[in-house]
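Below, each chain spelled out in residue letters.
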Amino acid sequence: MKFGIIVFPGANCDRDVAYVTRDVLGQPTRMVWHEDSDLDDLDVVVVPGGFSYGDYLRCGAIARFSPAMQATVEHANRGKPVLGICNGFQILTEVGLLPGALMRNRDMRFICDRVPLRVERTNLLWTANYSTNQVITLPIAHGEGCYYADAATLAELETNNQVVFRYCGPDGAVDAKYNLNGSLGNIAGICNRQGNVLGLMPHPERASDTVLGGVDGLPLFQSLVQALVAA
Amino acid sequence: MPQYSARIYVTLRPSVLDPAGTAVQSGLAHMGYSNVGPVRIGKYIELTLEADSEDAASQQLDRMCDQLLANPVIENYRFELQTLATV
Numbered sequence: 000m001k002f003g004i005i006v007f008p009g010a011n012c013d014r015d016v017a018y019v020t021r022d023v024l025g026q027p028t029r030m031v032w033h034e035d036s037d038l039d040d041l042d043v044v045v046v047p048g049g050f051s052y053g054d055y056l057r058c059g060a061i062a063r064f065s066p067a068m069q070a071t072v073e074h075a076n077r078g079k080p081v082l083g084i085c086n087g088f089q090i091l092t093e094v095g096l097l098p099g100a101l102m103r104n105r106d107m108r109f110i111c112d113r114v115p116l117r118v119e120r121t122n123l124l125w126t127a128n129y130s131t132n133q134v135i136t137l138p139i140a141h142g143e144g145c146y147y148a149d150a151a152t153l154a155e156l157e158t159n160n161q162v163v164f165r166y167c168g169p170d171g172a173v174d175a176k177y178n179l180n181g182s183l184g185n186i187a188g189i190c191n192r193q194g195n196v197l198g199l200m201p202h203p204e205r206a207s208d209t210v211l212g213g214v215d216g217l218p219l220f221q222s223l224v225q226a227l228v229a230a
Numbered sequence: 000m001p002q003y004s005a006r007i008y009v010t011l012r013p014s015v016l017d018p019a020g021t022a023v024q025s026g027l028a029h030m031g032y033s034n035v036g037p038v039r040i041g042k043y044i045e046l047t048l049e050a051d052s053e054d055a056a057s058q059q060l061d062r063m064c065d066q067l068l069a070n071p072v073i074e075n076y077r078f079e080l081q082t083l084a085t086v
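First to last, the protein sequences are chains X and Z.
Going by numbering that gives the first Met the number 0, the first sequence opens with residue 0, and the numbers climb by one from there.
Going by numbering that gives the first Met the number 0, the second sequence opens with residue 0, and the numbers climb by one from there.
Everything labelled a hint here was simulated from the structure, so no lab data went into it.
A hint or two may mislead.
Sample of chain Z residues facing chain X (criterion: CB under 10 Å; computed from the structure) [unchecked claim]:
{"no.": "1", "residue": "Arg12"}
{"no.": "2", "residue": "Ser14"}
{"no.": "3", "residue": "Val15"}
{"no.": "4", "residue": "Leu16"}
{"no.": "5", "residue": "Pro18"}
{"no.": "6", "residue": "Thr21"}
{"no.": "7", "residue": "Val38"}
{"no.": "8", "residue": "Gly41"}
{"no.": "9", "residue": "Ile44"}
{"no.": "10", "residue": "Glu45"}
{"no.": "11", "residue": "Gln66"}
{"no.": "12", "residue": "Leu68"}
{"no.": "13", "residue": "Asn70"}
{"no.": "14", "residue": "Ile73"}
To be clear about the criterion: a stretch of chain X counts as covered by chain Z if any three or more of its residues have a C-beta under 8 Å from a C-beta of chain Z, and this derived list gives those stretches [claimed, not checked]:
{"no.": "15", "region": "14-23"}
{"no.": "16", "region": "48-60"}
{"no.": "17", "region": "147-157"}
Idealized CB from N, CA, C, for every residue including glycine.
Next up, chain X with everything else stripped away, as it sits in the complex (with noise of 0.2 Å):
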């Protein structure tokens, strides 16, 4: 199984990724130049975390026009896997694979920390093996994390139980008090009604290695592993 990670001027988590995926689970790992256009031999591209383009205008408004974005969209349209993590996430809604916008943070600060967040569902292939509710801790590191869509955009990612993961407390509650960054419905991470596209603000790539001192997000790339080999 083959992952790409596509490395925009900016992009700063690319190579954490690649750490992951090549060295952590021994998957072949492409990084893929913003103005490649070429996918055909990837199973999975990852939209990594950073500021693509200096993040100008809106975060990830940029990086949305660049090839390997176009080839992206086209991946996902083919029902294969994409994942977006943090500035990923944001490039992801800006292209239309995922539903809303991410926006400055209610309080306006830059928030770096480890956060509680429970698992909404666990019926795909990015979750496999968590358990459903169970309280993960991952970090967090952005100033535009604040998720927003409008009320009927909010009320179809429910009906279709698209919101993947919540921000919530220690025992995984999810009340507006564990909700740091203003996110409607305390949403951390989604995916498109498919299920094959997921975006979230929290790095499970900088929680895959005992060395970082919390491995949460480690099942999240061996449940997609597994998925893709059993296919």
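Add chain Z to chain X, keeping to what the hints say.
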């Protein structure tokens, strides 16, 4: 081809919270302007373009705004066009 100047205003949709605007309102209150109501911060963009006609320029600007300059999920936009020169 005629040349036009465009002034583009991108504003947050009314339903969207603006924490930066709230912070500025509070700053103004600290200056003594407690009479200031809600503050909303947007973007102002200037550009020039060549187009066959004002209509053509206007249509192109709509596409630019819908696809890049504004995010329709969270923002509205409007623009003013001015003819610079007809060559």
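Non-conforming hints, listed in increasing numerical order:
Numbers 7, 8, 10 and 15 - these are the hints that the structure violates, sorted from lowest upward.
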